[in-house]
Amino acid sequence: MNEEIVVEASNIAKSYKDVTALTDLSLQVSQGQRCVLLGPNGAGKSTFLNLILGVLKVDRGSLSVFGKTPGHISIRRLTGAMLQISGIPSTLKVQEHLKLFRTYYHQPLSTDELVRIARLEGLERRTFGSLSGGQQQRLNFALALCGNPKLLILDEPSTSHDVEARMALWDEVDQLVSTERTLLLATHNLQEAERLGDRILIFHDGRVIADASPAKLRSMIGTTEISAQTNVNVDVFERNHQVKRIEHVNNHLRLYVSEAESTVRQLLQLDPNLKNLAVKPASLQDAYLHLLSPARFDGDYRASD
Amino acid sequence: MGTIAPVIEQSSHFCRVLLAESYTEFLKCLRTPAFASAILGFPVIVYLFCGLVIDWGETIERSHQFWIIATSSIGAIGTGMFGFGVYVANERGQGWLLLKRVSPMPILVYFLAKALMAVAFSILICCIILAIGHTFVSLQLSLVQSALLVVVVSLSTIPYCMIGLLCGFMAGPNTAHAVVNVLYLPLLLLGGIIIPFDVLPKFVQSIALFTPVFHSSQLAFKLIDTSLGYPILLHLLVLSAYSVVCVSLAGFFYSREKARTFG
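Protein sequences appear in the order of chains A and B.
FYI, in the numbering used here the residues of the first sequence are 109 to 413.
FYI, in the numbering used here the residues of the second sequence are 27 to 289.
Certain hints may be false.
[Stated by the list, open to error] Okay, the calculated beta carbon distance ranges per label pair: (1) A/D306 to B/C41: 41 to 49 Å; (2) B/I221 to A/S123: 46 to 54 Å; (3) B/V170 to A/K125: 26 to 34 Å; (4) B/A31 to A/D279: 39 to 47 Å; (5) B/L275 to A/E232: 37 to 45 Å.
Since the hints were derived computationally from the structure, they do not count as laboratory data.
C-beta: ideal position from N, C-alpha, C; glycine also.
Here chain B stands alone, though its shape is the one from the complex:
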């Protein structure tokens, strides 16, 4: 009993700090106009325009479903890469991360809170898009499909957080945003969520197979039976591999950098 009490105390303290840090993180981003408008607004606007305004001339139901899933995925990619990676890079450059490191806050909490914030924003974006879909068109996704989409989108945010983190630590505080910008659009184009995969030229398709966007979007497209039929396990393995490799490299760059500069 005597040995369990400190562990329980430590765990409850960890959870309290994580809760406070995550809540503050969410508030901070919600109140940042650049974040709220760009990260939240962009996928919603794309959905309104591509999903509702444009008549693609195909089966109208399939078109709505495609754009709901595609734009929710765009939301997850944006919050992960910009909301997590670029923000960490900025705060590191401004010394905020250093102040956290010298405080007794477990540094893991800092990154977990940011990841939770990114997941929360991905869910928020997905819910807004679903709500718009429900309101303005007779939605073709059942409640179960909608709920599963939220789950898939929230989980697929994590690899993008790790990619953003790697960009942030590899490129440095001042250039992280530019690097993520350079990666962001090609990833969307290659992944088959702005331009459907079967429309892409063959050689681009072969490149797309190696992108995380292809695998996270394929997981989501399975919900409406429009995936290419690869096994779920393969998608999960590729996304996990991306996460592990990126976080390991980010850790390497972080430990190399923190020993000599901004912390």
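Excised from the complex, chain A in its bound form:
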């Protein structure tokens, strides 16, 4: 299958005066991929998105989007961006905003379709200023979709959404991003990342420290989490090759293991009186915290194989 490369970064670097935002980043994003950018504030996610959008320029390396320099008019026509902005003009109505943005494109989606996708029914005649935070985000989402984009860039799209609206937004994004459309999503919401991403990029200090599917990331710290309240000596688990990671704070023990049954048996033998024993699959959050843990960078505990 001949997959089109949508984004190609080769050793790109970006600094703001003395602050390094991105260092030697190289990656490719293919058509149809759903890439989620995770990482703490200041890790380089927004800088990367702004470089792709052509708002910023790389200091070193090369970056292309749809084979062209970012910011080119032909790329802007293929890209829809939902940015974290605080000020969409408040005195304009929803339908006026949509009408205006549709004029920017040669073949825009119809207003009815935009209203349906972004669930703005009944709000068309309301001014932006009279909408709730979540409704404002939905209009922002609709503006990103006006040009029926091939590359959809969403920067924390579900901020201000209630649970129901967030689920609905995820469903819409899920349906929109097909084999033809590519998604780049920056978020701090790991549930959102797991729901929408098929490729997770974890940024830290201007570098991508992990680039894998959610399932692969979860497997990096073991597949199962065992937790219990116990005073057992954890040294014994250091010798258990199925234990990938150990956390023991006060009485609370957490083990990430590749095979749970034998470790549970071992734990019960060591402390038959343990309390609150629980066994559950490791989450993306566990993997994320594991990867960003300072201990990992010190090389101080048993990480992935």
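With the hints as your guide, set chain B onto chain A.
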């Protein structure tokens, strides 16, 4: 023929976007109470008060004509500096300009639409003042003079847009309004439109000669033969120079800022 078609298509698309952007811009400002009341209201109120209520004790006709021209000029200065410059600065700070930049809208359209909106508001203010003058006093400006005043006022809005733009990009989104406020009143006082030029002290007069307000108001005063007699070309050159210098500096500050902050 094959090479002309895409150019025609691009031009017509540009015009469609410009029309839509300008219309939306006008609606947006008209619905903003702070804009409508301050920018539209201030020159009209000054005209009602100074032009109609106060008897200046001089030739009453000259007094009416002076205040019609002076307050129309105040309208042009206000819409240019506040309506254009401060609004661009605010929208830049709030990320709206960034969203426009990543959309396929030509960025020139954004600034052109705002300039057209400012010109439209200047014309509106001028027409309101003329209408009041026609209604409440036997107006001393002929139809041709009135029409020429509208033209002069609309053209003289442009340098103030550029000055406002420079303030907006030089001072940053949060302080642009304060900077324009600081400049606005001295410009009005120095330019000879709130206090007539010949009443100003000599040293102030020599400063006034270098202000854009002096030159734009002198162009307007030529309509009633009360200008100081400088050539029209000089006024046009000074106003053009202000526009070019301000837009160039604004472009410099914009490109410097956009590389690192709010877009």
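Hints versus structure:
no. : hint                         : in the structure
1   : A/D306 to B/C41: 41 to 49 Å  : holds (43 Å)
2   : B/I221 to A/S123: 46 to 54 Å : holds (52 Å)
3   : B/V170 to A/K125: 26 to 34 Å : violated (58 Å)
4   : B/A31 to A/D279: 39 to 47 Å  : holds (42 Å)
5   : B/L275 to A/E232: 37 to 45 Å : holds (42 Å)
The structure fails hint 3 only (numbered hints given earlier).
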